[in-house]
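Asker: Working from the sequences, and respecting the hints, build out all of it.
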Amino acid sequence: MKELKYLNKYFYKYKFQLLLGIFITIGAQTFSLFTPKLIGDSVNDIQVFLKDQNATRDVIVESLKMNLFWIVVTTLVAGVLTFLMRQTLIVMSRHIEYDLKNEIFRHYENLSQSFYKRNRTGDLMNRISEDVNRVRQYVGPAIMYSSNTVIRFVVIITQMLIISPKLTLYTLLPLPVLAYSIFWVSKEINRRSTLVQQNLSLLSSYSQENFSGIRVIKAYALEALKHAGFTELSRESKKRNMGLAKVSALFGPLMILLIGISNLVVIYVGGRMYINGAIPDIGTIAEFILYINMLTWPVASLGWISSMIQEAEASQKRINEFLKTEPDIKNENSNHTPVLGTITFKDVSFTYEDTNITALKNISFTVKKGETLAILGRTGSGKSTVLSLISRLYDPQSGQILVDGQDIKELNLYDLRNSIGFVPQDAFLFSDTIKNNIKFGNEDATDDEVVAVAQKAVVHHNIATFTKQYETILGERGITLSGGQKQRVSIARAMIKDAPVLLLDDCLSAVDTETEEAILNNLMEFCKDKTTIIVSHRVSSAKNADRIIIMEGGEIVEQGTHNQLINESGLYKELYLKQLSEKELG
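Numbering (UniProt numbering), first residue to last: 1 to 586.
Derived by calculation from the structure, the hints in this document are not laboratory data.
A virtual CB, placed ideally from N, CA and C, is assigned to each residue, including glycine.
A portion of the hints provided could be inaccurate.
[As the list claims (entries may be wrong)] Listed next, with one range per pair, are the computed distances between beta-carbon atoms: (1) 379 to 559: 13 to 21 Å; (2) 129 to 62: 54 to 62 Å; (3) 410 to 221: 49 to 57 Å; (4) 249 to 19: 32 to 40 Å; (5) 102 to 19: 20 to 28 Å.
[To be verified] Taking lysine-lysine pairs in the DSSO-like style, the calculated list, with each CA pair at most 30 Å apart, reads: (6) 578 to 543; (7) 409 to 497; (8) 317 to 238; (9) 361 to 330; (10) 37 to 65; (11) 530 to 369; (12) 528 to 368; (13) 435 to 468; (14) 101 to 117; (15) 317 to 330; (16) 573 to 543; (17) 317 to 239; (18) 497 to 530; (19) 117 to 409; (20) 324 to 117; (21) 13 to 330; (22) 409 to 368; (23) 330 to 9; (24) 530 to 573; (25) 368 to 530; (26) 238 to 101; (27) 317 to 101; (28) 324 to 101; (29) 226 to 239; (30) 324 to 5; (31) 497 to 543.
Answerer: Following this line, the structure appears as structure tokens:
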């Protein structure tokens, strides 16, 4: 139960619903006590009539009618209270489920980039869906039936003790066996539940990965191989779930057996006590049998409740693992810190922890507000890492990054990121309309503004040919569009944000040179008062920049303007001549 203590804050938040539910449960169980008592009295009335034929028949019949009336009334009241109990406690569990899912989602959003490199999407989804659902079973049905069971035990056993302590003691003899059985099976359920959830995460991750990469799978005709992998994981999942089901299945028969033994004890011991005069009437035996059978469901549910608690414990442990994960990047300043756009790197070095690859080595440069900086270099030279550090997706291990002369760590993280329009290398689009994907950069943008930025990104003419134009729903990750169209929609999304800093990470790699030229010309006008950093492997994307940096092996090996670098014998000139010859051959 250690892991489930995390949920206590939610119980405190909804303490009034919880206490009201328990209060209603006490009322429901109190009213349910009347039925066995009234039936016992009815049996005694019949016994009196059978023993004494002179007893007034009409009086006995009237007494039976009154008992029947009160049985109906108390049963109805108990039923209504039970309904209200469910409405109170189960609704409370749905509120907790809602809060917990939102807490997990918010925490996921705050976790750093490195976290998502270490964990699979399927596992993240499984913890916020399947694991939270199992936890809800604990805060709802398990709590409800637990309180119902405890209160029923207390109320009924108290009544039984008042009637006959000796008969009660004999009747409850099987309970220690029941307690030990629950303890043993619960431990086994906990162990097997953890294995089931771990396998379910693997299954979810495998499915998500294959669905996302379905085009590659089809292109390489790997459907059979991937199906075999899924079948193997499914077989293991079935094996573990069957093992859990077998252990869980022990509870029902075991509970029924123990209740049956208790009934036999009541009939045998109670009968002997009645014969010996230890109990005054035969109705007491009938009353006890009804009490024992009223305990049948609570006792039988102990196994189910225990199973739910153990599964919730295993699931909450998995949830807590992520909730206890601290983000590497934290907002150190809650005050508003506006960003103008001057960016300075001072001897910045950065190594990726997961791969131990040193991406940057003592990088230093400054780009002033309103300037355009182009960063060129071969694959793996550290270009994209520079943009990630400016966005504070990572923090450097050494050196300092300044924004408007202030250490980037001292800025409000959300102000910093809100001041950046970012176009990533892999253009990610959401499964929504094209218009909403563009408006993602500015939700308050008008339709005219959406069209305007689409025209600047040279994608409007493509969208205009679609049947639903800007209302076209894109497939997952924007699969409806071509690579070049996705990149241009991403550029439009960044432009509509109209942020003081614009970061373009090789976002024109999938467009032809003519379209690239048109986009760059539009960007020059759009970015004249913005700090713009363009990462590219094409000289054509960089030649109009105020300054160009050439990177190699995580270091700056050349820098200057296009004209300066073209007149030097270096990597920039080599790239320029190579791409120029390729263009002429093309």
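Asker: Decide if the proposed pair is consistent with the structure: residue 409 and residue 497, CA atoms, cutoff 30 Å inclusive.
Answerer: holds (23 Å)
Asker: Is the hinted pair residue 573 and residue 543 satisfied, with a Cα-Cα distance of at most 30 Å?
Answerer: Holds, because 11 Å separates the two Cα atoms, which is no more than 30 Å.
Asker: Take a quick look at whether residue 530 and residue 369 sit within 30 Å of each other, Cα to Cα.
Answerer: The hint holds at about 6 Å.
Asker: Are the Cα atoms of residue 13 and residue 330 separated by 30 Å or less?
Answerer: holds (27 Å)
Asker: Has the given pair, residue 497 with residue 543, been kept, meaning a C-alpha gap of at most 30 Å?
Answerer: holds (25 Å)
Asker: Does residue 101 sit within 30 Å of residue 317, going by the straight-line distance between their CA atoms?
Answerer: Judged against 30 Å, a Cα distance of about 15 Å means the pair holds.
Asker: So if I understand the rule, the pair passes when the alpha-carbon distance is 30 Å or less; does residue 435 with residue 468 pass?
Answerer: Status holds; Cα separation ~11 Å.
Asker: Within a Cα-Cα threshold of 30 Å, do residue 117 and residue 409 meet the stated pairing?
Answerer: holds (22 Å)
Asker: Does residue 543 sit within 30 Å of residue 578, going by the straight-line distance between their CA atoms?
Answerer: holds (15 Å)
Asker: Taken at face value, is the distance from the CA of residue 65 to the CA of residue 37 at most 30 Å?
Answerer: Roughly 15 Å separates the two Cα atoms, so the pair holds.
Asker: Evaluate the given range 54 to 62 Å for the C-beta pair formed by residue 129 and residue 62.
Answerer: For residue 62 against residue 129, whose Cβ atoms are near 60 Å apart, the range 54 to 62 Å holds.
Asker: Is it true that the CA of residue 324 sits at most 30 Å from the CA of residue 117?
Answerer: holds (17 Å)
In terms of the numbered hints stated before, the structure departs from none.
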